[in-house]
Amino acid sequence: MIYRTRLALLAALVAGTAMAQDVAFSTTSIAQAWTTKTPGFSDTTQVPLTEFVGVDATKLGGKEALSFHMYGWGMADLGDQSYIGGKHTGDLTYGYLQYDFKQANAQIKAGRIIVNQGLGPMALDGVEARTDLRYGFMVSAFAGTPVVFKNYSNNNQYFVAYQQDISFGGRFAWRTAKLGEIGVSYLQDGSHPAAGLTVPQPVDYTRKQLAADVKLDPCAFLDVAGRTVLNVASDQITVPGTDPSRIAEHDYKATAKVNEKISITGTYVERNFFSYYAGSTLPSLFNQDEQGTFKATGASLVWAALANLQIVGDVRRSERTSYGDATRAGGEARYTFTNAHVVAGAAYHQVNADDVLPVNAQFAAYSLSHSEERVWVMADRGAYSASLDMIRLHYDDADANPNLHGQSIESAIVGSLGYKAKDNLRLSADLSVEDNALTKSQVMALLRVQYTFGLAAKGGK
Amino acid sequence: MLKKFALLSVALGLGLMVACSWISPKGSFAPTHPQALDNGRPTCSDCHGTDRVSGSEKTFASFNHTEAFVANHKFQANQDPATCAACHAQSFCADCHGGKTAMLPSVKLGNRPDRVSPHRTGYLSLHRIDGKIDPTSCFECHGRANNEKCTACHK
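Protein chains in written order, with our numbering: chain A, 1 to 461; chain B, 1 to 155.
Isolated chain A (complex conformation) (with noise of 0.2 Å):
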């Protein structure tokens, strides 16, 4: 089957580029080397060969309103093989063809797509369409396969596959101006839950989500944006004794701008972790059967204090019921330099969290607290370029944590050097300096070739 989808997929490529009047065709080639030293372990290589691949092919057939676009990627490993577990591996991310109406906002998109109304982003084998409706409603709708990555080996990879058998869903909103836009949005993944397989299996991998969103702006200096989604999946098995909500998230911010240079945002973020990690593959991280919530409020300023340079001061205090709470504050500088050949960047958070509990008596316990130190800067004369980030981390207890072997700092630095060889074809070398906890001194190189012809219209920003 999925010979055969990939066989349709490369003859759609070739029919739809060879039937387009334009044609955008792009590729990254990006080959790494780098050697992990883990103490206690034998040093690896590794020398990773990837080649991004991306086509929007437009005009297909004469037809204006007819597209293709296409991204995917391969990787083979010239070294020892572990980083990507064998010799090469690969994913299409996207390919579909696109049709937009010259009316109501019309689209249709069918293939290989990545949804992002509603409750997206979500890939899927399928087709997705939307359009307005008058009196400002819009409808939106998408059906197919989910596109399933393999996550385990064995039995259990099997069980996703066979649960998320299907995924559809949809968005009906209601948009006026002077108001904003109102919205539902309805997903479900898969038709097999758990609870009704013959044969008992104890993970459930489908879904079944209903959101409502929402959008007001009633003038240019207020932005209110948010939604609430509920899981309405009303046979998944739950702990005996718990009952827990079936609120997956909220999720709201809130944006005035005070004045030309000024504005704040406040944010309020709730989960609950039965309903929020609802059909996830990768139970035993994302714990469904956790107790408790996570809680967190924010507020942001951006302060245009120049033209071209922008201060951002933001707070944010979340609360996990099984962890504790933390406290995150710093901020941000951006300065362009007047000939914008240069933006430079500085950055400045210190973490303050309450202690982690010991497990059992074999660890102390110890402080999430943290601080991280950001400085960057890129710059780009003629066909010339270059940028440099260093980063630098600083753990407030790295001896009691056992994540840290007693390492309170951490730092890199990343340095990268470009050409501009012609209009299309540019190279760059990048060279990363790592000292972290876990595998020491590591040096990361990197080269990067990215070409494209035909007529780009957009993307590369």
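Worth flagging that the hints you see were computed from the coordinates, not collected in a lab.
A portion of the hints provided could be inaccurate.
In silico SDA-like pairs for lysine to any residue, Cα to Cα no more than 20 Å straight-line [as the list claims (entries may be wrong)]:
1. 74(B) <-> 252(A)
2. 261(A) <-> 299(A)
3. 132(B) <-> 261(A)
4. 37(A) <-> 124(B)
5. 100(B) <-> 154(B)
6. 150(A) <-> 132(B)
7. 261(A) <-> 40(B)
8. 440(A) <-> 396(A)
9. 208(A) <-> 232(A)
10. 178(A) <-> 49(B)
11. 37(A) <-> 379(A)
12. 420(A) <-> 28(A)
Got chain A; can you put chain B on it based on the hints?
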């Protein structure tokens, strides 16, 4: 059988006619921004002031790419991805939002420190702290896809 087919065809035909009459007669908005934009994050209201995006009915100011917009861009993408597509090809989104990604976005974009990119170098240790403070932020990308690497440790 034939009668059922005929009735179904009539019902479908009527349904389509009614549905088509509901479709907005307005023209679609521009699929691409008519002018090339400078490097860096655009402030749409610099040129468009307090105007609204034709067809979308939202203020241009609400698309200003401030830090808050970038951090919460999912709201816009979930409601109206066509407005994103005016400037961004889908491959721009795929740098981070792939069901299966080849490498960390920060490595792929190592020459673009200006772009917001999750998991900058050194994240291997930090993820054990971030994951305890807020595991839901991991779930958005790794909960249902792009988690082959996670299974190496998180069996």
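task: Identify every previously stated hint that the structure contradicts and give their numbers, smallest first.
output: Result: hints 3, 6, 11 break, sorted rising.
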